[in-house]
Structure formats: C-alpha cells, structure tokens
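Please model the entire structure based on the sequences and the hints provided.
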Amino acid sequence: MSKTYRIIVATHKRFQMPEDKDLYIPIQVGSEGKEDLGYQSDNQGVHISHLNPYYCELTGLYWAWKNLECDYLGLVHYRRYFTSKRHSYRESTSMDDIILSKSEVKNLLSKYDVVVPKKRKYYIETLYSHYAHTHDANHLDVTRQIVSELRPDYIDAFDQVMKQRSGYMFNMFIMSKENVAAYCEWLFPIIDELYRRLDITDYSAFDARLFGRISERLFNVWLAKQDLRVKEIPFIYMEKIDLIQKGKSFLQAKFFGKKYGQSF
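Going by our numbering, the sequence shown opens with residue 5, and the numbers climb by one from there.
Be aware that a few hints might be false.
[To be verified] Label-pair restraints from in silico Cβ distances:
#, residue 1, residue 2, range
1, Val50, Arg200, 16 to 22 Å
2, Ser88, Asp231, 21 to 27 Å
3, Thr205, Ala185, 32 to 38 Å
4, His54, Arg94, 34 to 40 Å
5, Tyr241, Asp26, 23 to 29 Å
Just so you know, the hints here were simulated from the structure itself, not pulled from any lab data.
Since the structure is predicted, the reported quantities are computational estimates derived from the model, not experimental observations.
The beta carbon of each residue, even a glycine, is placed where N, CA and C say it ideally should be.
Below you can see the structure in the form of structure tokens.
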C-alpha cells in the first residue's frame with residue numbers, strides 16, 4: 005500500500021495556495037468563531053482552535069495530529085514554504101514551480117527522518133539572549149522550570165539549545181506521523197502548563213502569541229534528543245521581506261533594549 009503524504013499550510017486569511025491539494029492542505033487556524041475562508045478549519049473534531057491567539061500555528065498542528073490520517077505529516081505557512089531551489093520572492097514567481105513537489109518530498113523522506121528549514125543564524129546572539137532582548141526572558145525561564153518538572157530528561161538539551169547561536173525556526177518540518185505524534189505528546193503538556201502559569205492579561209495581541217514563539221525553541225530541544233536523520237533544506241518567503249527594517253529592529257533590540265512590536 006502506498007504511503008500518504010500531507011503538508012498542512014497554516015493560514016488565517018485567504019492567500020494563494022498550492023495546486024497540489026493532495027499534498028498541501030490549507031488549514032484556517034483560529035477558525036473558531038471566525039468567517040469560513042473555504043479551507044479546512046482547525047475547529048473540527050478534536051481541537052484547540054480557541055487558543056490560536058496565543059498558540060499561533062500550533063492549533064493547526066494539534067488539529068492535524070488528532071484528526072488527520074497520513075503516514076507523513078508536514079507543517080508550513082502561507083508565507084513560508086520549503087523549496088529545493090534557492091530563490092528569493094519576485095512578483096513573477098510561480099509558487100508551484102519552486103515549492104516542494106510530492107516526488108521531492110518522497111525522495112527526501114526515503115533518505116531522512118525529518119526535513120527542517122536551514123538554520124536561522126543570529127551570530128551575535130544566542131537563542132536565549134535573542135528572545136530576552138526581543139521579548140521577555142521570563143517566558144523562557146518559566147519554560148525551563150516546567151521542562152525540569154515534566155521532562156527532566158530534556159533539561160540538559162534545553163540548556164544547550166539556549167546557548168546556540170542558530171536554530172530551526174518558524175515551526176516548519178516534515179516527518180513521519182509517528183514522529184509528529186511523539187513530538188506533540190512531548191510539546192503540548194509543556195506549552196499548556198506555560199499557558200496556565202503566565203499572566204498575559206495585559207499583553208498586546210502581538211505579545212500574547214508568545215507560546216508559538218516558545219515552541220520554535222522547544223522544537224530544537226526535542227530534536228536534539230532524538231536519534232533522527234535530519235535534512236536541512238531552503239525555504240522561501242512568498243511575500244517581500246523588508247530586510248533593512250528587520251536588521252535594524254534586531255540591532256535595536258540587542259543594543260538598545262527595544263522589544264519587537266510586530267512580525268517581520
């Protein structure tokens with residue numbers, strides 16, 4: 005029997021989507037109480053759609069974990085896709101010509117256990133210091149305490165990852181559904197406990213999405229403890245990125261303590 009491959013595309017708005025609807029499944033995250041965009045909703049079956057303002061794309065991952073039957077499962081975003089080519093976005097760019105095809109996915113997973121985006125390098129920052137400068141170090145400190153309580157076997161990996169100057173970011177990956185389930189069973193108890201412990205009453209909508217950001221770091225912690233064959237491949241933004249503003253904000257956070265107030 006042939007293997008089934010699914011990659012969910014997390015989105016909260018209408019956007020250009022891949023033609024291959026068998027491989028790519030657009031999923032409307034945070035669909036609870038919202039206008040139906042015509043995509044798969046994350047509030048069907050077993051779900052945590054109502055937590056999307058805080059958990060970001062994790063509500064889509066949770067839905068796929070609990071409700072989507074497949075052999076291999078991936079997570080990407082409406083603005084970011086894996087690609088086998090080195091491209092930057094242009095208005096003339098044809099999405100289906102550059103994002104991973106099913107044959108490319110099959111080929112990669114025949115050789116590797118998990119596909120991840122190229123590491124994001126911070127150079128003058130560690131994963132911990134970058135988060136501390138751009139957001140709030142207490143989020144990571146509380147997360148560490150929770151890891152020490154719930155999964156003490158991961159505390160050394162947590163400390164090591166926080167010292168790294170690069171990491172697999174954006175909550176993007178492709179791996180077997182079995183490995184996705186193992187990751188989710190590890191991740192969500194930690195994130196849920198963090199949600200219970202942090203008082204986010206006075207947080208802005210941007211700051212309240214911290215649980216999705218923390219999970220990006222936690223993916224690296226989980227992966228560090230797994231004996232998996234990891235393959236890094238490029239990814240492409242499907243919108244223009246203001247690299248000058250992005251770099252300026254990075255340096256302002258590092259040297260002047262100006263926190264991020266928006267996504268880039």
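Hints, one by one, checked against the model:
1. Under the hint 16 to 22 Å, the C-beta atoms of Val50 and Arg200, about 20 Å apart, fit the expected range.
2. A hinted range of 21 to 27 Å holds for the C-beta pair Ser88 and Asp231, which are about 26 Å apart.
3. Between Thr205 and Ala185 the Cβ separation comes to about 33 Å, which falls inside the hinted range of 32 to 38 Å.
4. Taken as a hint, the range 34 to 40 Å holds for the pair His54 and Arg94, whose Cβ atoms sit roughly 38 Å apart.
5. Between Tyr241 and Asp26 the C-beta distance comes to about 24 Å, which sits within the given range of 23 to 29 Å.
Hint compliance for this structure: no hint is broken.
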